[in-house]
Amino acid sequence: MRARALIAALLAAITLLPLATAAQADAGFDRLMALKMSGKVVLSWGTSFPYSGPYEVFRDGELIGRANASPFVDASAESAYAQRYAVTAASTFDSSDLETMTATPRTLSQARMIADPGNDSVPTTSDLSYTTFIPESRVLASGCVLSSTAYFEGDSRGFDSNATTYRTRVRAHVDWRTGRASFSASTRDSVLWDVITEPVTGFSFPYSERKNAGTEGITTSQIYGSSQQVIFTVIHQEANPFCLVKAPISYNVTVSMWITGEVTLYGLYKPVPNHEVYVRAGAWPYTTIFRQTGLSFVCLYVNTGTCTDRSY
1 MRARALIAAL LAAITLLPLA TAAQADAGFD RLMALKMSGK VVLSWGTSFP YSGPYEVFRD
61 GELIGRANAS PFVDASAESA YAQRYAVTAA STFDSSDLET MTATPRTLSQ ARMIADPGND
121 SVPTTSDLSY TTFIPESRVL ASGCVLSSTA YFEGDSRGFD SNATTYRTRV RAHVDWRTGR
181 ASFSASTRDS VLWDVITEPV TGFSFPYSER KNAGTEGITT SQIYGSSQQV IFTVIHQEAN
241 PFCLVKAPIS YNVTVSMWIT GEVTLYGLYK PVPNHEVYVR AGAWPYTTIF RQTGLSFVCL
301 YVNTGTCTDR SY
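At position 220 of the sequence shown (counting the first as 1) the number is 220 in our numbering, and the numbers step up by one without a gap.
Hints in this document: simulated from the structure, not taken from any laboratory.
A virtual CB, placed ideally from N, CA and C, is assigned to each residue, including glycine.
Check before you lean on any hint, since a few could be wrong.
[As the list claims (entries may be wrong)] Restraint ranges, calculated between C-beta atoms of paired labels, are given here: (1) T288 - V195: 33 to 41 Å; (2) R180 - V245: 34 to 42 Å; (3) L295 - S184: 21 to 29 Å; (4) T306 - F58: 30 to 38 Å; (5) I64 - P285: 42 to 50 Å; (6) P54 - V195: 47 to 55 Å; (7) S147 - A283: 42 to 50 Å; (8) G65 - G282: 35 to 43 Å.
[Claimed, not checked] Distance condition first, Cα-Cα at most 20 Å in a straight line; then the derived EDC-like pairs of lysine to aspartate or glutamate: (9) K246 - D309; (10) K40 - E56; (11) K246 - E209; (12) K40 - D74; (13) K40 - E62; (14) K246 - D189; (15) K211 - E153; (16) K246 - E216; (17) K211 - D194; (18) K246 - E153; (19) K211 - D189; (20) K40 - D60.
Make a model of the complete structure from these sequences and hints.
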């Protein structure tokens, strides 16, 4: 039966704040953010289940528009009045299958001051780094190629914001003077090792080959920017180029960054391999925002049980 899954009737009583400030509310489902600036309101939300719209947006109980994805811009907002927003998703799930949606905000340890507290300066730039990596020195490749002895090289490390070994890396650099974010993406070579046996002589010798998946599976897009806040999305679908069945390292995240140091992640990720997200202001060291220890690589191929996609 057709049912409505309430994603966010979350701003049950939200008074929009002055220019370039944000308000957030959480009623146990997911996170909805409303940002007011220059006579308009930008709504941004995350979903903790694989649903791609359409969404309906309500202001003070009145339907004002539809969107296939976050964000939504209300260009007709009345600046003189407090307003309430709700976002719902039309779902074809049976009502018994409706999920409770949650999202946890992540902030820096000193959310209101990430610049030098001694001189009360504010940063002119901020950086975010999102990396995936394989902590082992090597992992079996039998689920990926037709060999029971083949293996892939790993990254041989733990969580480390300064590490130079990884599978994929996405970085965002925010210039608060312009309110713009620039992005870079990179992938390391996948290195396959195996033992080849010559059929006539029976002589065995090691064999290795490397390939790079490239960055075509990584899409970045800024969706809002000001001198106080930047919002951008990263869609990441990068598969090992050796694998006969493509099962990508996957995440889809919307990132909100404020000049004050607050950082929020909305979205879903596949819990394999390891994920790590760090943020810094100016030349300050990176601060940990999110870490996930990877589960079995079987999770790249299934989405049930402990392998289910997770929300940040």
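Verification of the supplied hints:
1. Against the hinted window of 33 to 41 Å, the Cβ-Cβ separation of T288 and V195 comes to about 40 Å, which satisfies the hint.
2. A beta carbon spacing of about 39 Å between R180 and V245 agrees with the range 34 to 42 Å that was offered as a hint.
3. In this structure the hint that L295 and S184 lie 21 to 29 Å apart at CB holds, the actual value being about 28 Å.
4. Between T306 and F58, the C-beta spacing of about 36 Å keeps the proposed range 30 to 38 Å intact.
5. One distance hint, 42 to 50 Å for the beta-carbon pair I64 and P285, holds here, with the actual separation near 44 Å.
6. Between P54 and V195 the CB atoms are about 53 Å apart, so this pair conforms to the stated range of 47 to 55 Å.
7. For the pair S147 and A283, the beta carbons lie near 47 Å from each other, so the given range of 42 to 50 Å is met.
8. G65 and G282 have their C-beta atoms about 38 Å apart, which keeps the hinted 35 to 43 Å range intact.
9. For a cut-off of 20 Å, the pair hint linking K246 to D309 stands: about 17 Å separates their Cα positions.
10. Our distance criterion of 20 Å between C-alpha atoms is met by K40 and E56, whose separation comes to about 18 Å.
11. With a CA separation close to 18 Å, the supplied pair K246 and E209 stays within the 20 Å bound.
12. Restraint check: the Cα-Cα separation between K40 and D74 comes to about 6 Å, which is no more than 20 Å; the hinted pair holds.
13. Annotation: proposed proximity of K40 to E62 holds, straight-line Cα distance about 17 Å (limit 20 Å).
14. Under the criterion of a C-alpha separation no larger than 20 Å, the hint pairing K246 with D189 is consistent with the structure, at around 16 Å.
15. For the suggested pair K211 and E153, the alpha carbons sit about 12 Å apart, so the restraint of at most 20 Å is met.
16. With a C-alpha separation of about 14 Å, the suggested pair K246 and E216 falls inside the 20 Å cut-off, and the hint holds.
17. For a cut-off of 20 Å, the pair hint linking K211 to D194 stands: about 15 Å separates their Cα positions.
18. This hinted pair checks out: K246 and E153 have alpha carbons roughly 18 Å apart, not beyond 20 Å.
19. Only pairs whose Cα atoms come within 20 Å are accepted, and K211 paired with D189 is accepted, the gap being roughly 5 Å.
20. Taken as a hint, the K40 and D60 pair is honoured in the structure, with Cα atoms around 15 Å apart against an allowance of 20 Å.
No hint from the list above goes unmet by this structure.
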